[in-house]
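Asker: Please model the complete structure; the sequences and the hints are all you need to start from.
Sequences listed follow chains A and B, in order. Following the working numbering, the numbering of the first sequence begins with 1 at its first residue and continues without gaps. Following the working numbering, the numbering of the second sequence begins with 1 at its first residue and continues without gaps.
No lab work stands behind these hints: they were computed from the structure. Treat the hints loosely; a few may be bogus.
Claimed, not checked - Here are the simulated DSSO-like pairs of lysine-lysine, each with C-alpha atoms no more than 30 Å apart in a straight line:
#1 K123(A) with K19(B)
#2 K19(B) with K304(A)
#3 K164(A) with K151(A)
#4 K19(B) with K61(A)
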Amino acid sequence: MYQGKVLTNNNKEPSSLNMNIPDTFSDIDPISQSDGPEPACAITYTPEFVEAHDYLRAVLKADERSERAFDLTTICLKFNPANYTCWHFRRRCLVALCTPTDGDAQATIDVERIDNDLEFADKLGGSNPKNYQLWYHRRALLELRFKGDEKIQVAQKELSYVDKILDDDNKNYHAWSHRQWIIRTINQPQLWSAEIEYSHSKILLDPRNNSAWNQRWFATHEGEIATNSGMKLGKLAFQKAEEEANYAVCGAQVDPFNESPWRYLIGVLMEQYRWAQREGGVDDKDRTNGLLREYVAKIKEMNKAWDSPADDLPAGPCVSLMSALVDLLETIGDKTSLEEAKNMMGELVVEDPVRRKYWNKRKSTVLVLLGEVSD
Amino acid sequence: MSSTHSYPSNRTKHVVESKSTEAQQDTEYECAPFFVDLKSLSESQLDHLRSVGLLGAVCVEIDESTAPQGVSAKAAKLLGVNETEKQIDDEPRVELLEEIRPSTSINKVVGVQDPYAIRLVRSAHINYLSNALSEPLSRGFISLDASHPWMIYWCLHSLDLLQYFDPHSDTSLDSGGLHDLETLQKSQLLKRIVSTMKHCWTDVSLQFDEDEVKKNGKLTELHKIQQKEGISSTNLQGKIELIGGGFGGGPQQMPHCAPTYAAVLTLCIIAGIGCGQEAAVNRSQNPYHEAGRLAIALLNEKRLPMYAFFLTLREHEDGERIAFRMHHDGEIDVRATYCILTPCHLLGLLDKDEEKNHLLSPPIAHYIASCQTYEGGFGAEPFNEAHGGYTFCALAALRILDFVSIINVETLRSWLARRQLEFEGGFCGRTNKLVDGCYSFWQGGAIAVLDCWYNENNATGEKIGSADEEGLSFDEVMLQRYILLCAQDVNGGLRDKPSKPKDFYHSCYNLSGLSVAQHALSSSWPSTSCEAGDDDTNLNSLFGDASVNILGKTDPVLNIRLERVMYATEQFRSANERNDQEIRGNET
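Answerer: Written out as structure tokens, the structure is:
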């Protein structure tokens, strides 16, 4: 069995491509794929594919974490970047190769190897930035890199990498998720505030980029999850909430037919309201109720635009606006507001017909509330 | 086609143009031609639609004494009428003559049909899917080499929804010989699938504290079995070694939640087909019985090792939440929880007593709940954008855990309702994104799960509001319309949207969504056995040709047919009781 002789080879890419696999692995027997007879959905592999994977199976079985095994994973991953078993084994090889052979428990990280692998993952991802394994590999590599002193610089470098991906596909789910992971893992104030700015720049670029709105929520909340024990509040401070509500309503004013700012607005307001109802004192309840009413007034004002619409304003009514309004009215919950909500939901049944069953159910709920509320 | 249903023609509006508005306009533009009023078409255009099977021939009457108009495409192939390609590379063109309606007898006289009723092109889809399973796939499929169980599940479940394996009375169509040959081939295919899954299983060595094994009836039983086989041991640190495992994306690949989910569903489908349904009228036994038996045997053999493997994927996020990884040293996200809970539910690995069962603990539900965003849907991880796929997984997992009430049900309902597109009628995955046929199931199915839960939990004996409140909260006719008009590829298979090519995944989830849209909500979950037999009755408003389009009824939480769920859960219920006895034995 090949025994841990680490070859130094800083220029991985071309050499491993040119590997003569049977020669390199002449000391071990390849293992063919055990499909059984007549497998269903049988793929017609190329001979090169078969050869590479026959030897991969052999090194997997032997758990040989060596340079040549690592190079073999490069070849196999080029065939199929979704091979999670191969990625997993590649990481094992990397860790083994990064660890000095003198058995020192403190592994000094071979930064260059890791950066090379990030480069490799990027090249492999080129045509398919939606591959789970690639993004997870980056996380695993970065976890090693984040252990060092320059973790903030590393994080920022990675964030620019992700920005590059987002340039191409500005709603790429993995990319946005990756940004969140980086920022919450490093957890430094400058990264949180920078991300608010970043989200804003993406919203300016495309106000309907809902991922950017969602990112703003993440960044302003600093990734704090409300827990049942109440130790983490997970909500914005009231003043911050006022700012964010204002930001959202401005976004809605720019284009009332854009759902994203409306849902952000409702999210901000309802977060305050629910917290106040559950845990707040009288003052908290008063000011959150005041906030809701303030926005009801603002939205009603916006709705007047269709009374005498400008030429370039698309014909109303604006369903997104009405949806937001009914949510607030129902929450405020006094008789007048509920009546208004009920009537508006009746309009929505007609104006938003694909959702008429939903609006009918909402209306039924309001009717019940009306039955319960005192004059 | 419901004549009382009006189809909105509202294109989305905007004040400001952006990349998103352009993309949305392009999509509406691409779908619009498919919504053309059929009555405005010329006779030759209508003839073309009939020739590809989208419309039926007018006034079809089938006399039982004469030979029928056509043969199934598969039979045609066997007869050498059409040479179809051996490999699936480009999609083979299949010439359709007349379609066979699987679950209605061809001896019935069919009256005047609505000549404009759009049809599911069953034969084309069946060919596409059955060939995918039985014939070699081209080298382009290497990108799915780590997803064999998925490919198989997508195709098999689709075929099952199309009633491909349903017993039907022998018809005058065949003189027994041809029909038997076809059945034999189907039976062979099912056996091949079981064998393929068997080869996707990988064992993995696991370590447990002695304490944990003692407290867990299933681990205790596994330990006993493996001790007898001489494969389990206790190591020097006092830890018990068990051989667990799971299904991987292919032979000799690491066990992984997702292929495990797909494999278990596939095997449950086969078990149900083979052992859970009656034979056809003139048959003495179910021709798929052997395949069913093999599937059950494999599930029996692997259920406890699988359970042990699942336990080792737990990750404690903080004192209050537990998440699961997709595989050892793999990513954590909300899908894993669903991929684990589904096989556990089907194989009787969940019991209601929280203390004894580590998979029903509240922290798992709390992790899922922490993935709900301000919009109401769920993301992959906390704070990730609300997304249809993850929302479905989160909700379905909570349903299995019986913990739906801990989330914000109202915002979820609101987010889900908004995902149906006004013009296209299909669903999108996220706010301000485009329609995609696969969300027919992820979103439509999620709504069905939530509606069913809602009905169960708000039932006060009084019905509040209008009768319209029963049934699904989305426009099921509009969804069916999108699937049948925009998502079907007339050469077989279904797709994201007209500009995209068909594939197995989209075929599966479009058909699953169509099934959800067609069938009335179950009154409860898990469903009762009487509902499982309800294929042709108790339907929602239908779009298109009702004599052709109705699929099998899928369980919106687990996404295999109800009958298959019933059979599997019955099979493994007694196994679970045995485990409980183990634990009681340990305690005395």
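Asker: Evaluate each hint against the coordinates.
Answerer: Outcome of the hint check:
1. K123(A) with K19(B): The given pair, whose Cα atoms are some 26 Å apart, holds under the 30 Å limit.
2. K19(B) with K304(A): Given that 30 Å is the threshold and the Cα spacing comes to 28 Å, the pair holds.
3. K164(A) with K151(A): At roughly 20 Å apart (the allowed maximum being 30 Å), K151(A) and K164(A) satisfy the hint.
4. K19(B) with K61(A): violated (49 Å)
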